[in-house]
Amino acid sequence: MATYYHFRRSHRNPGDVIDLTMRSMLELYEHGANTNPWRLVCELALEEQRLRLRPEAVSRIDCRFVFRTEEDALRQIYRMSGSKFLFEVEFTEPAAPTFTGDFDLMSTLFTMDGARFLPKVRAVAESYWRGTITGTPEVLTASNLRVIRTARAFA
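Going by the numbering used here, 57 is the number at position 57 of the sequence shown; the sequence numbering is gapless.
The set of hints was computed from the structure by calculation and includes no laboratory data.
Okay, the calculated beta carbon distance ranges per label pair:
no.	residue 1	residue 2	range
1	114	11	36 to 46 Å
2	79	28	18 to 28 Å
3	78	26	20 to 30 Å
4	112	31	13 to 23 Å
5	75	155	11 to 21 Å
6	112	53	24 to 34 Å
7	11	118	33 to 43 Å
8	36	133	22 to 32 Å
9	94	62	10 to 20 Å
10	94	36	30 to 40 Å
Mimicking EDC-like on lysine to aspartate or glutamate, the simulated pairs with C-alpha atoms at most 16 Å apart in a straight line are:
no.	residue 1	residue 2
11	120	48
12	84	70
13	120	104
14	120	47
Glycine included, every Cβ here is placed at the ideal spot set by N, Cα and C.
Throw the hints in and build the complete structure from the sequences for me.
Shown next as structure tokens:
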């Protein structure tokens, strides 16, 4: 069975199942001084474009995110705010739908460059959902994840 790499803020043991999705995290999102509502706005705009361009694709809001290799994951650690663990995982449902997008495109959404916000997000979303990958691939899966081992722990 194929294995992947997944970041988490909290420790998990081998055999544990990870079922948390972006929807779960967005539902817990607090409106406060220490949160960035633009993440929520970006994800909702990305979902709007998915429904328009690739309605059959796995939703970013209802998926789990993984990297194909440990090297890919480690290249992105600086963007994974608050993640303390990198786990090697497998899909609990190997036949579940997946979609591979360009993780690096997502980071361009948070670059303050003076561009108009929604047009920029929509343009990035269009490239993302077309499956054009020039950077680090991220895999979206409808499957839950089963922890195989802790690959790395970060301070």
